[in-house]
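Protein chains in written order, with full-length UniProt numbering: chain X, 1 to 828; chain B, 1 to 608.
Simulated from the structure, these hints should not be mistaken for laboratory data.
Glycine included, each C-beta is placed from N, C-alpha and C at the ideal position.
There could be a bad hint or two in this list.
[As the list claims (entries may be wrong)] Cβ-to-Cβ under 8 Å is the rule here; a few derived chain X residues that face chain B: (1) 117; (2) 570; (3) 572; (4) 622; (5) 655; (6) 685; (7) 708; (8) 711; (9) 715; (10) 769; (11) 770.
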Amino acid sequence: MATADWNPLGEIYYKKCEVYSMGWSDIVDISKFEVSAAPYGGPIALLKDESKTARVQVSTKPIITVFTAAGKQISQMRWNSGSIHKMGWSHTEDLLFVQDDGVVLVYDMFLTFKKTFGMGQEAKDVKVIDCKIFSSYQGTGIAVLTSTYRVFIINSVDDPRIRRLAEVPGLSSAPSSWAVINLDRQSRALIAKGSELCLIDQGGQYQVQTPDVSTEVTQFLAMSLSFNNRCLAMFTDKGVIWIGSSDLQKKYCEFNTKSPTPPQQLSWCGAGAVVGLWGNMMLVVGPDKDWINFNFDNPVHLVEEEDGLRIIGKYQHEFLYKVPEVTEKIFKIGSMEPGAMLFEASKEFYKGSQKADEYIRIIKDKLEIAVSQCIEAAGHEIDPAKQKPLLRAAAFGKCFLTDYNPEAYVNMCQMLRVLNQVRNHVIGIPLTYSQLQHLSMPILIDRLVLRKLFYYAVKICQYLKIADAEGASRILAHWACYKVQQKNEDDETIARAINQKLGDTPGISYSDIANHALEEGRPDLATRLLDFEPRAGQQVPLLMKMHKDNIALSKAIESGDTDLVYTVLLHLKESMNQGEFFMAIRNMPIAYALFIQYCRQQNRKLMEDLFYQEDNFQEEGTCKVVNSFNEDRMEDRIEELKLAQACFTKAKNEFAKVQTEEQIKLLKYQQRLEEEMNRPYLNLSLHQTIYRLTLANNHKVAEQLRKEFKVPDRRFWWLKINALGECGDWVELERFSKGKKAPVGMEAFVEVCAKHGNMKEAMKYLVKVSPEQKVKCLVKVGERKKAAETAFENKNEEELSYVLSKCGPSDKQLVDTIRGMKQQMSRR
Amino acid sequence: MAAPSVKGFPDFQRLKILAKDEFTSLLDQMPGRKDLVIDGELMKPLDRIASVSLLKQRGVDKIFKFDSSLKSMHGCEQRIYLVRPRMTTMKAIADHINSDRNINFKRKYSIIFVPRKLHTCLSVLEYEGVMGCVTVSEFQLDFVPLDKDVLSLELPEFLKSFYLENDQTWIHTVAKSLVRLQALSGEIGHVYCIGRGAKMVNDLMNFLMKRNSSEQDFSRHEIGSLILIDRDVDYVTPLCSQLTYEGLLDETFGIKCGTIEFGPEVTGKQQSAKLLLNSDDAIFEDVRNRHFSNVLGYLSSKAKSLQQDFDKRHGLKSVGDMKDFVANELRRLKEQKSVLANHIGACEQILGKKTKGGFEDYLQTEHSLLEGSGLRDNVNFIEELLFKQDNMLKTLKLICLLSLTQNGISPQTYKSLKTQYLQSHGFEQLVTFSNLKSLGIVTDQETGSQAGTPLNKVASGMAAMTRRSTFQSLCKKLSLIPKSDDIDLKNPTDMSYVFSGAYTPLSCKLVEQVLTRGGFTGMEEITKYLPGGVHSENHVKASKGKSARQDRPVSKVVLVYFLGGCTYSEITALRFLGKLKGYIFVIATTAIINSSTMLESVMEKPPI
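One chain only, chain B, in its complex shape (with noise of 0.2 Å):
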């Protein structure tokens, strides 16, 4: 168990045979046949975990998406809440013991929080007066392993709590997850954190440890070193138009916890099909971290290879032979068949929605926000996707890039395009705007100058000198938009593949330069325009004579840790690294975004 497993990677599965475990004897605490009420958000997660079957031989009998709308529920006389600690949810769940209580219905009640208690939680139940009839516990559920190199807190809120309604209670989780990582793996020797969150974590995470430092052994180390990265520090990535086959698959059909359902008018049949995408489908391997032009030929020549396969079977002389094509290979390739028309079938549609709809021009506005030349074309571009009432996410996003590219919107400008955004889009976008000016990704010049974005803050005097914006200059000096025009996007030499080589992903681009000069020293030209700074701790001792700990491969694995969320192109963009530079990454995040669900969660709903 201690070493680590395939090519390096340390081993999650433990993760998951973890919280299994804990989440049976769980419900193993409440005997007999009972229901699950599972919050929508974990339905997910909890499936990676926990097989249905399990649960059935666990006793539960029926399962129920939690809904808060619902003024009761019915079902048998046991039941287990299994919810995000939400006091919203907490009065729902109140509302169903009280109708319950009204109809003289007896039941028994237990709420599983996940993953911890809160004691606003508790005190909405015991305002709502039933807090006597239901048991409390934890479900410390934090990582779920997506893949053999991805963890997930699946937290999407986490953004929208922390940066814009300053709310850390997730950061206790984040820190906490950390610490129970580093309790199966060892101790993290060098820990770099890149602003405010970052810190924070780290802060807590130091402070947890030391008081379990009794309980603990921290004595097997599987990781090197811990990047902590806030995202704040980099909004622009999340915000491109991803490229990669993985990345377009999220942004088109959405992948949910690792896992993605196609259409029928991707599978082409009449039901539609749910895939399972990680690095143990060998057809997807290959392809998820291509560049998209890159895929389809790529697929259709493996489909033909696939088809040789098949063709064997008429050259098969014996009996036997048969038998054992039949036997072994048939399943194999019947299997791989279906996926791989799957896949197919979903580039189709992904090349079906690029090529229409001016997604040419759009990404052509988006590379050239990024250089940040041709500024009033651009404008003129966002504008007239307003007028012909395009998507107002997509809409969104351009403005989102032009503020962040450019330390905020000219007065003029920004007043202008809010007003025609409103009125495309409705009113209730003010709120969103508002946001937005609060997280600091749509700012005007002359507000951003003073207060608001943090990106800006630290950077405020720079950018009156040198009249160059804070995104240009890191540009400038990490070199994130390659010079040459012409990069091979089949056999890549840079990380800025995944962006068509139009742009190297900032956050990748900061992780790369902590590792190759150990530490932030020398990137002072560079760090001073991250906001929340950046700090660096080392807790390997330099035992006598043992400083050849660098040389040990273990100082190879790093676990890059975001804060607020990454992206697929991210994620491959570091593999990428990865395999470059020899390192191995561990991508841990609070939950997988792409420039939608991102804008999505700072958005104000429409009134229904």
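Next comes chain X alone, as it looks inside the complex (with noise of 0.2 Å):
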């Protein structure tokens, strides 16, 4: 009978069952130690402490080892910090050991030290005599009770912020007993002084309480808190156990013991019941008085989960539980439940019996409810042999739904494939159905790699098809960061191997695991790894990080991204010294010429010591000589420019060298101009010099200069020309054309009198023009007519094609004459 093993507890069911027979059955006895078992099936740590139990004060410190939940041995190691006062895991299954100074010591299950951190000076000083290991909104959080009675709290492991709570006032010896209580994204603490019970928190307030307790009490000595904590249970110095709700508001009942001495244990199985356990003997009672009594032969101790209480003794790893109302409604004797209708129509079904029919019958219109009972009931078996039947019942029933959605029971059968297979012995985590809801599947493979179980993860991750990003390469990048901590091996083998499995998987970073290695102390093996990451941006930080920043630099030149080779090359800089510096970054030219690049907006001192180091001396001129323009003194000026002069002769820049030299005589002159004249020359062109004195009638200065600077004849005439026409001193003009022959033609003459509107005395020179410029000069005074002709009287006809292009839409008469005149020419 499926109900053989129900206890009844009131209305409902308790149920215990064995999960596993232990492994360590041959070498513990439980008794003999302090246990603590981590919830959700987690591993078990044992505490040995020989000083507590030899007869005579022994120095030797304890042994602590870890076993799973199947008794089957992870870890072991002889401690050698402080006095360990507490032991306990927190929610990602590390091993926190509190010890009577308030240190926190936080290991992993493989007993490998991951940190630590304190209490707070005041703990340190005074001890700690009590301490509560318990699980926050924030994760897994620690309180300790110090010798003067105050309370100091954390609420993550991760995060250790230290809070004091409020005092509890009065009191002036150790509490009976306390609890933290935590509720709405707050921790407090329930402290029980004689008859009442103070509520404390971190912003400094506390609520004394009296529960409703209907007989007398002097104290409370035990409390336990439901996993949920909601509900509360106590037991007075009377032997009563008083169960309420945890802020104290409803009682639910108060159960007689009768036991004058406190229960070893104190816990809640599920939110449902609670359990005391004396000796061998345990007690379960319900909410409403009920009770159950259980008697083992062996010590044991309790686990609570969040639906049930675990017993874990030297022969069995048991469960009890409350049976689910589903598992009931299908199983209970007598029920009508369409669930249990199609249980049976299944089990007649598979006898061949053709009651199965009369069954489907009577749930026909409750058939889907029925499936969907027998599937959920499926899922809180534990015994695969009792989920294939109900399983099997559903998928009988599911053949008479036309149009049901088969994805609960995919759903089902999967889970329950994954559940069977880690509570098998030798994964060892006992977790059920609605455990496995409120934990999430991403954790619970989280938890298989934790126990390096790798190659189970993965393939539970490709059973269930969840993509690689987050499964597989997650898993594999696990792995990874594990292989790297294997110091047995060489570099190259586990560089190798890693990259043999994760090759170029999505979503492996490289760099996470080179980062991995080089956490272990083997910069090695992380510069091997990170040969195989493509990602520069992530590649080049860690190198940096390793100090090879020459491989740094190549990468990230090789990357073509400047800005990577930027962040190396500022943090060289910023490293070594400044002729290191220069050396190490003169064959990478690309670098060179970003830093160059750097220089020149931020720091172009350091842009001509670059270049002076390199020779490079004509580069050098050049800064200086932009440098110069910046410069507001004159002195400065040229003084700058002097510098520049000395780098182009080194630079056998010959050219460059006697420009300076003459820009330097240059400002010379424009300064004593401006002083004499009291007019700006600086910064003008010799041209502009020149030209601005000659319209200043400053001819002999401009002769001075002409002298001075060799300028060319040809220029000079163009720019004394322009520069009278423009000022219009046509007298000083004349002067100028009768005096020496000029070299750019009588036509430059008249062009500028012409450019100036000036035609009266265009026509002055015109005859002194050349014959061959002639007929342009003409064309440029407007005398297109006259330029015709005189064309047409040299017999040119290319000429006359000139004068002809120049005519514009006004000229008609002027086109027929230029027409007819190249007829005539022709025909001649």
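Now that you have both chains on their own, put them together as the hints suggest.
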């Protein structure tokens, strides 16, 4: 009978079943150990404190052993720190040890040290007398009670921030019992002081409450909170178990055990029953004062779960839980629920009996409910042998439904396959279906990874078709991180092994693994691993962290991303002295060019130093020239130019040297001119300077400059003619034209006069123009008709065409004339 | 969306929409009222993407132009800087923040870097101690679609920073722009690289794409091939005087980010007019690619026909017709009329400038330089320009062309021209010449044959043997200088029409060659003259029996990417080539340049 092992507790039933027979039965007697097991089927830690058991004071340190829930040893070590006050597990399955000086040490389940932190100076000074490890909204929290009866609390071991709770007024001796209540995102402590309970919080508030207990109470000897923190059980000095809500507003019942001693463990079985353990006797009390009694052959340890209670003993690991409603519906004797009918029908069907049909007919319109009941019930079964008939029944019922969505069925089959696998004693995680719902699949996979069961984790991911990025490749990355910790293998082998397995799997970050290797103190391995990293953006910073600056620089250059190159360059510049730095980058033209770019904007002096060091005098000179433009004082400018000149000499750039020299000369002239004439001359070019001088009628100085700077004649003539034309000094222009023979020809005079609209003057020079230029000049002064005639006289057809091309729409008559001329000419 | 839009052009509006969405979400990161301070060079590009009303709608209170000379700025409690990642800019921003701090004014700052943040910039902020009070984000604005076939990064500094200063920062931006473009339009099957930077972009692009391959969808193909060209392969073309209408508009008035501003002298009215120059303007679309000699005539005939349309209104019979005319026709006609008036005004301005100041002589010299004839006369002409103190850029252009076409200038002439130039335009031009030498644009023949110019490096041995310059060899091999003098500028048959039939742009000719040959095979005689070498890649996998891809229309869509900028003349030439050979060209560039902007960017600024 399915109901044979059901124990009634009032209206409901409790069931105790064996999960594992313990693998440790030969070596462990748990009564001699302090036991701590992590919830959600986590590992069990045993602490053997010989100093407590030995008759004489011995100085040996305790031994800590970690087992799986199936009693398979995972790790063992001898404690080598201070005296352990309390041991417990965090929600990430790290083992926490709280020492009596408030120091918390965190180990993973392989007893590898992870980190440590303290619970504050006060705890350290006055010692801890009690400690609670509780699950908070932020993860796992720790609360310590000091010998001064103050409570210090941290809400998360990952981010330990110590807070002091309010003081309990008038507390003169250690509280008889206390607990941490974690509700509404706040952790508060409930302290028992005599018959009163005091709730203290982080804000310095306290609240004294007296729970409604019918019998007389002098002390609460033990208290226990349910898994969800909503219910509270307390044991009074009169042997009464009080069960109520954790805010003390509601009382469910009082149960008198008549026991003078408090239980070794007062626990909750889910949220539905309170369990007290006295020696080998266990008492289960329901909220309606119903009770069940269990006796064990050996001492046991109780572990609370959200849906039940695990009982760990020397030989057995058992699970006590409330029979789920849906299971009860199906298996309860005489149940007429659709699920029960379907289960019967399925049984009959496989027996080959026609009764199956009768049962199906009865529940015809409730078949869908029946199927989901069977599916759900299967989920709650721990034994695969009991899961099977239920799933079979569901599958059978499904056949009669036309448009039933099979998703629930398929999902359940998959979940059960995974659950059965992890429950196997090899893995040893006795997780129930509802626990898995709460824990979620990714976390289960994480826990497999934590146990280094990479293969199982990958298989489960593949079986559940979890995308590689979140599934398999993430696990592989963890595997790789674990792999780099294996000190006994050489770097090359590990790097190759990792690359072989990981390949180019998307979502794998080689730089993360390399970072891990670096943390393990294996920089060479990290470098090798980084070679596999395709993203330079990830690779380069890590290389820098490893002080492989040169590799970082070349990788950054390879990536073609100048931003990365700059990142390395600036880092190098900070960490090296200047000479070394220059040497480092001189062989990398790209880095070199980029650094120069940077200096051009940020530090010109440095750029010049670089050029100097490289013997690049040409560039150094150019720099100095540019610098000179920014100097305000004339002396500084000339000084800078002189330096430039020296550079150009070294660079064997004769031209630049001479030009710089001339510029210095010119600047000096200009400065003097400004002082003398009170007009701006600075920064003008030579041509402009002379031009202005001519405009200002200062022909003497102009002539002086011309000689000094060896201005070519053609330039000087053009300059002077233009300048005189511009200022309209026609007299001077004429005088000039009569001087030396103009190297630019008379046409230049004509052009200038025409440009400034003085046709009369233009005509003066026109007569002197050489015959071959005459036509062009005539056009320039606007005498197109005359030009045409001259061209005709010259019998030059080309010139005629030129005049023609210059004729606009208004010269219709002239155009005709020219055409006539052309015809005449061709006729001849 | 996936289907190519009008006439086979990929739809680049999507780029605009993406950029707009990205920008608005960046603005929304700072809720409430805020001021926007924009880098001057980003104003126009931003204008193309987000309207002022959109900015206002997103809580932008005032818009300032970033001015690095200001030590402090006023405004409301929140401010966003939209800037290019430059260290000098960072320093100025830090100054603003520190001056606010000094007077205890509480303000929230955010810096949006376009197109990406750089470590150097952040280090400046850190050094100035303001890193803690600014939030930093990136606005990945790369391509600004200027037209249906023109994409520009609007990064004119690329030329200087990459070719002169050897800084590869913007190579990353170019590669990224291609990656993003391909994420929209599908992977490009064939890639041809001409030049050093082109190869670098291609390598980086491949690298970036491989990394993103799992996230991107490359299944939709809209562009068949990509041709990347380095500007240093062909410096000659941008230095030639442009003669197409669009090119002349740019040289005369300056087209900025696809918009042009006509002053009162063009509009003939009091206020100036802003015009968006793209294919949506039907009149402009008709004339943009024409040789200038062929524009004014067309415009006046257009004006006449427009007048006729106007005159129709006198012949309208019924009230209904009248109403119809006013409702539909009148508005369109009026708009067209004002546009037409602007274009005619612009033409007259250009014409006025070109007939004055010896433009013909200038052009003649330019063309004879390209031909490589009359060397002495040309040098004389240049000297005369110097003596007459003619425009410094114009003169420099000719010096550049002289050097480029002759593999450098003979040492004596080189020295004398430089001296004359310095005497005319000031000593600081010494730096300009030093820059031009590093770029390989103006070199002297002595050093030119040893090191220096990239163009000559490859062919130095060649030049010694044949005594023909690299450029002349390329001209001959690719027949860049048409033989026949008479080319019909109205109905051109050759790309050279953009330069009055005197010269076919080298860059465009290379594009043509690559496309007709389907790669560089058989071009060894030509590619050996190109600096930086060539490289081609084929990503289209020859999947079973699908070699027929060549026949798909997509293979006719070609993206030509100019690194270091391109001119409107080159765009026009490619458009023409496309029409001639049935290609659809999309032109991408780091910026649209002309001879003046190109030279200005590498010139030393005279002291103020």
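Item to check | chain B contact restraint on residue 715(X) - CB to CB distance below 8 Å | outcome: 4 Å, holds
Checklist entry - Close enough to count: is the Cβ of residue 622(X) nearer than 8 Å to one in chain B? => result 5 Å, holds
Next on the checklist: Holds or violated: the hint that residue 117(X) contacts chain B, with Cβ atoms closer than 8 Å.
Outcome noted: 29 Å, violated
Checklist entry - For the hint on residue 711(X), does the least C-beta distance to chain B fall short of 8 Å? => result Nearest chain B Cβ about 7 Å off; hint holds.
Item to check | Given hint residue 655(X) near chain B, where the shortest CB pair must fall under 8 Å | outcome: 6 Å, holds
Checklist entry - Holds or violated: is the Cβ of residue 570(X) closer than 8 Å to a Cβ in chain B? => result With a minimum Cβ separation of about 6 Å from chain B (threshold 8 Å), the hint on residue 570(X) holds.
Checklist entry - Can the hint on residue 572(X) be confirmed by a CB-to-CB distance to chain B that is less than 8 Å? => result With a minimum Cβ separation of about 13 Å from chain B (threshold 8 Å), the hint on residue 572(X) is violated.
Checklist entry - Measuring from the C-beta of residue 769(X) to each C-beta in chain B, is the shortest one below 8 Å? => result 17 Å, violated
Next on the checklist: Can you verify the interface hint for residue 708(X): is its Cβ closer than 8 Å to any Cβ in chain B?
Outcome noted: 12 Å, violated
Checklist entry - Minimum Cβ distance from residue 770(X) to chain B below 8 Å? => result 17 Å, violated
Checklist entry - How about residue 685(X): closest beta carbon in chain B under 8 Å, or not? => result With Cβ-Cβ at 4 Å, under 8 Å, it holds.
Of the numbered hints stated above, those contradicted by the structure are hints 1, 3, 7, 10, 11, listed in ascending order.
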